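Protein chains: 4
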Amino acid sequence: MSKKTLNIGLVGYGFMGRTHSNAFRQAPKFFDLPYEPVLKAVSARNPDRVKKFADNWGWQSVESDWKKLVERDDIDLIDIASPNDTHAEIAIAAAKAGKIVMCEKPLGRTAEEAKTMVKAVEDAGVANMVWYNYRRVPAVVMLKDLLDEGRFGRIFHYRTQFLQDWTISQDLPMGGEGLWRLDASVSGSGVTGDLLAHNIDMAMWLNGPIKEVSAATETFIKERKNTLTGEVVPVKIDDASAFIARFENGSLALFEATRYARGHKALFTLEINGEKASASWDLHDLHHLQYFDYKNDGKLRGWTDIHITDGDHPYMKNWWVPGLQIGYEHTFTHQVADFVASLDSGKPVGPTFRDGLMTEYVTDAVLKSAQTKKWETVATE
Amino acid sequence: MSKKTLNIGLVGYGFMGRTHSNAFRQAPKFFDLPYEPVLKAVSARNPDRVKKFADNWGWQSVESDWKKLVERDDIDLIDIASPNDTHAEIAIAAAKAGKIVMCEKPLGRTAEEAKTMVKAVEDAGVANMVWYNYRRVPAVVMLKDLLDEGRFGRIFHYRTQFLQDWTISQDLPMGGEGLWRLDASVSGSGVTGDLLAHNIDMAMWLNGPIKEVSAATETFIKERKNTLTGEVVPVKIDDASAFIARFENGSLALFEATRYARGHKALFTLEINGEKASASWDLHDLHHLQYFDYKNDGKLRGWTDIHITDGDHPYMKNWWVPGLQIGYEHTFTHQVADFVASLDSGKPVGPTFRDGLMTEYVTDAVLKSAQTKKWETVATE
Amino acid sequence: MSKKTLNIGLVGYGFMGRTHSNAFRQAPKFFDLPYEPVLKAVSARNPDRVKKFADNWGWQSVESDWKKLVERDDIDLIDIASPNDTHAEIAIAAAKAGKIVMCEKPLGRTAEEAKTMVKAVEDAGVANMVWYNYRRVPAVVMLKDLLDEGRFGRIFHYRTQFLQDWTISQDLPMGGEGLWRLDASVSGSGVTGDLLAHNIDMAMWLNGPIKEVSAATETFIKERKNTLTGEVVPVKIDDASAFIARFENGSLALFEATRYARGHKALFTLEINGEKASASWDLHDLHHLQYFDYKNDGKLRGWTDIHITDGDHPYMKNWWVPGLQIGYEHTFTHQVADFVASLDSGKPVGPTFRDGLMTEYVTDAVLKSAQTKKWETVATE
Amino acid sequence: MSKKTLNIGLVGYGFMGRTHSNAFRQAPKFFDLPYEPVLKAVSARNPDRVKKFADNWGWQSVESDWKKLVERDDIDLIDIASPNDTHAEIAIAAAKAGKIVMCEKPLGRTAEEAKTMVKAVEDAGVANMVWYNYRRVPAVVMLKDLLDEGRFGRIFHYRTQFLQDWTISQDLPMGGEGLWRLDASVSGSGVTGDLLAHNIDMAMWLNGPIKEVSAATETFIKERKNTLTGEVVPVKIDDASAFIARFENGSLALFEATRYARGHKALFTLEINGEKASASWDLHDLHHLQYFDYKNDGKLRGWTDIHITDGDHPYMKNWWVPGLQIGYEHTFTHQVADFVASLDSGKPVGPTFRDGLMTEYVTDAVLKSAQTKKWETVATE
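Chains as they are written, first to last, in the numbering used here: chain A, 5 to 385; chain B, 5 to 385; chain C, 5 to 385; chain D, 5 to 385.
Just chain A, with the same shape it has in the complex (with noise of 0.2 Å):
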């Protein structure tokens, strides 16, 4: 094929190295790209596991040191799928080198970490995202449209939740594969990074900067056996994290994050209400959106569930046809496509590294006020 390729370095082989590996190579087969991705070649410290992970999803080489992969010319992508502890170092030394760069989020573990990155993409002048995968639902993508055609008026309230259960039990240890997120000094933070971010993140996009925050995080379970050590140590990250907050735009919104909501596994919701129109969404069943219009005859008002499944709905063309919904990784597959497709027409498409250090203003203040228990007005510099 003469269609021009993008060849692609992928850090860590974890679940999000399996999302990303699915969506590169389903991007271009969907959706009509300017690139076609090339799975060049990814990094991590086991061997035997890089490799076996490599054969399975047609990576055609291996790193053990994810610097080997910096250092390559034939690569012009670095993505980021490690733990967050190595973000920071890994997207600047890519972004140094001139490559591309993609980043799972939270972008750093703190906000200061973050604006690391950001100047680094940015003094380098390369393209940047961050893999806040949710802003590509469809239905998600569908209120941001009905939102920008201003079919909600004045908005009055925002309320996000991301609810998850998995970590309830006093049995579960820290540390290790896919355990790292309980360990502060990988993660950064608990749920304010790993979930909340997400909240944040859409909630900015679709309603505007977020002013101001009152917060209260809690540890439930205290101390919990390290695998990597053998010992049991404090839990130093936040179990949970809710707060009341104030949009740059008048509205009063509730963010709240949990892993210890028995009953729910991923439950990330959202409503949005204006004077003119209200809806709601939630994952757990991504492809509806819940649409309230107050203009229609009065007698018929109330909520609309609409299957976003129509080839009007957004991505959908792409798929199959009505009534048949799409799932959770189509979302990465989405993003890699925008992402593409934006790479020769000099617009970004977010979320950039700065929508990242954005959110982490948020997350960094929502901490700071569950210590300091005030109201903690947002950074924007």
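Source of the hints: derived by calculation from the structure; they are not laboratory data. From a predicted model like this one, the values you see are computed outputs, not experimental measurements. Mixed in with the good hints there might be a few duds.
Claimed, not checked - PhoX-like cross-link-like pairs, simulated, lysine-lysine; straight-line CA separation at most 20 Å:
| hint | chain 1 | residue 1 | chain 2 | residue 2 |
| --- | --- | --- | --- | --- |
| 1 | A | K33 | D | K44 |
| 2 | A | K33 | D | K55 |
| 3 | C | K299 | D | K55 |
| 4 | C | K321 | C | K148 |
| 5 | A | K280 | C | K226 |
| 6 | D | K56 | A | K7 |
| 7 | C | K148 | B | K269 |
| 8 | D | K299 | B | K269 |
| 9 | A | K377 | C | K148 |
As the list claims (entries may be wrong) - Partial list, computed: chain C residues near chain B (C-beta under 10 Å):
| hint | residue |
| --- | --- |
| 10 | T23 |
| 11 | P32 |
| 12 | A270 |
| 13 | F272 |
| 14 | W323 |
| 15 | L328 |
| 16 | Q329 |
| 17 | S349 |
As the list claims (entries may be wrong) - Which chain C residues stay away from chain D? Per the calculated CB distances, all over 12 Å, these:
| hint | residue |
| --- | --- |
| 18 | I96 |
| 19 | K100 |
| 20 | D149 |
| 21 | S189 |
| 22 | E252 |
| 23 | G254 |
| 24 | D297 |
| 25 | N300 |
| 26 | A345 |
Built from N, CA and C at the ideal position, the CB exists for glycine as well.
Could you slot chains B, C and D onto chain A? The hints should help.
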């Protein structure tokens, strides 16, 4: 008060005796009626129980024989809430005595029986009504209004169910209080007359006459103990009844009723699909109407959940405020309100005895088709 | 009848006058009570309207001044259904006169006012109750029972909302019939006292005392016309109120109420997450309880939609049969039934005036926190 | 790689060509399979379009005549995704050439045609499968497992629908790309073969053989323009098809399919009611199973919404993590995975060609009953 009174004589004190008593008491409190219903007398065979019933509900006197009730000059209206095998005799006697007659459904055990009742009230020229109460669910009346407004266009499909699960146990006996419904000699039929009759009455009100049917019935448990005789006897009612049908307007329909649908208590459902709109409703959440309108903006099309509690919804301005739901017994209250309001209007309100007969033409055809295993045309005279 | 009578004197004939009148009439028909409530007298300032109201509901006499009602020897119980600014004076006078007192919520406009009312009824030793009617929704009582049975284990989260949309229009005036709720001098506060008080009363009944709160309130529309004076005046109530809180049992909570949530009429919701179980409920479908039990077979775990209409569900054996729902007004009927049943028992049933005061300690802390922008500890005495 | 390869030859590049291509690509990435499917060649008449299709999906070569494909030695498996009127000829030729055969549903246009195909594969002793993909929805497999575990007891009822609305417009033409489904000479029948066949295949898999049927079909729009000829011609397919049925296990059933149910895109539903349990599912939210178990604590009984995304749910440990849903195309991927896994096992997995024939015995009986207006017994040989 100078308001004219309407003196009621009730026959029966069972479940339906309660719903009717409540309706006569409540209707004038919530609706402005030309007549004040007066609970004059109630009749039933067991003197202790009828006395207790009368005391509780405020019936001014009791009779042990319904014939006495019919003979009394101070009674304007005979309300029949006794088992099906008593309907015809009482209704005919009441009509001959010049009383207004209200009768529980089904009107008779067969169309033939029902026909004699229609003749009696029409010959006597007395107002009459059958208690197909579900026509008075606000959401259903709203649907009728939407149909009458021409919002659906040509109708293609109608489907309706009445699913219960209370007779699944082999240990459940038949006969006696509340269990006469399992005894075909008293009830006339099983679910066809008890449940499907509701579906049919509502279907013909909404979608016009039914032309032909092909049916299947089942009796899953073949023998039960009769509590009145102590004997184990064959069950002669239909435990389940299903039929496909064509309406005169060309729409295709499915009807089903059963007492063997584990998990469903009183799940009366209906759905209607037209060229321009569709709607569905069910009794378990009777205050909702689901409505799909094709004419809306394409990408916003979906099923709207209308919470039927606003002042511009049928009957609802007489109850509470938006968002506050009403329940089952209100359908009887509405029926009293509408019937009493119609008495001086010269315009009968349905379902009249004649409407009740039309339904029995269909139930007769259904029961016959289940025997003949052929399509049966529904009688009209 | 030889049944003892309980002579009621009602103050107020507005929306709540209707719900209470209906409850006093209905309770003895559906529940076996030790006293027969007698609708002795109703008092209100407008003689024509109160006469019409009394005629409709069967109140035997009328008074134009509530003081007359309190003085009458033939009245056992004073029921206060007039605007908030009248509660304290009437309740205190009634208690001093030795009357049983029932009072609409919120008890007073402030905790200080409520405290004087508690003192009055406790000094007088008279039975007393606040009409936090939603405690008597069968699904909510069922939830209380499940909690008391220890099915939830340690509680981690509680969240609750009361969402309405009836004051969004700038054209809506304040003051006068039904609109006194927008006038802070009459109502005391906006949604905090009117709506959140319900959420708080129920939350503390289910989950115990609230320790501390951090709140935000908003007044979206700053000026409205007062229909009583004709002048455009500043709006002093809170249009929306949100707070995060910690319960004494360590659980983290979010509360929110508003009259600006387009599309929601009276959406009172709650959810509670425990170690072993979770449950949720909302007022728009008040006959459902959603329940998640962790102990079930793993692959079968899910949220069970319990249709609270069976004979073994709270209150329901007194109504109809499984599958047939009840509505809003039944909560008041249950409250009358429980209160009357308790009169001879020596055991007061909640919510008592003291319970009502506890709720106002929270609403006061919420309103204060919204001003101070600090966490406020909830008073307990 | 040393993994054995399975060389695929695909016939057809339409909608089903896409779903199959995706499934062959995705299955080995998410499932550990004994063979690596290789996209060897695709055949279709239009050389430009087939080339473009092959390039996009990675088919290594193209053929303009399916016969070439069958003749090629480097092809192990012929996959038929072309219109219904081509199935028999291709399948028989492929079987005779000793190829493994997969075929889109319905197998043939009639049972007679399907029978020749069964004979061919059975005579040749080649592995074979029909793409009734919905059997591989995880929620449906879970239901099958629950039934096999004996959790339902005696089955009383089965009901299933497939509701669409895409042919309501009189302006929709027939013939040509995607519209051959409206041309009876190509499709064999309308919704009976296209939609009901899915319902029937799944019903018999879950609930055993169907004994007898009574059916009605409708053609609502009598004439359409044929885009291939430009002429307006009579429509000979069934637009809607409904039937009542008895299964061999004694349960009573209703089936319905239509393309005239305004508001429904691809609403495949099913419900089964047993003595001890009931369950329901629908394709619009395919990741949910509704389950009612009678044995639970009485007051806690209800319908449990099982979100089929956990590791102990069928197929789901191969995808993401709890709470994250999959979609439509995954059913094809599962079918490839199961079929490839079975090749060396000696145990065929359904639906085989013989299973496909059993379904056509039912669709033939349905179409015949609609003509004869009698109950028709379903053939078994």
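Evaluation of the provided hints:
| no. | hint | result |
| --- | --- | --- |
| 1 | A/K33 to D/K44 | 17 Å, holds |
| 2 | A/K33 to D/K55 | 14 Å, holds |
| 3 | C/K299 to D/K55 | 56 Å, violated |
| 4 | C/K321 to C/K148 | 18 Å, holds |
| 5 | A/K280 to C/K226 | 19 Å, holds |
| 6 | D/K56 to A/K7 | 13 Å, holds |
| 7 | C/K148 to B/K269 | 24 Å, violated |
| 8 | D/K299 to B/K269 | 16 Å, holds |
| 9 | A/K377 to C/K148 | 32 Å, violated |
| 10 | T23 | 8 Å, holds |
| 11 | P32 | 8 Å, holds |
| 12 | A270 | 3 Å, holds |
| 13 | F272 | 9 Å, holds |
| 14 | W323 | 8 Å, holds |
| 15 | L328 | 4 Å, holds |
| 16 | Q329 | 5 Å, holds |
| 17 | S349 | 22 Å, violated |
| 18 | I96 | 42 Å, holds |
| 19 | K100 | 44 Å, holds |
| 20 | D149 | 8 Å, violated |
| 21 | S189 | 47 Å, holds |
| 22 | E252 | 28 Å, holds |
| 23 | G254 | 26 Å, holds |
| 24 | D297 | 8 Å, violated |
| 25 | N300 | 8 Å, violated |
| 26 | A345 | 21 Å, holds |
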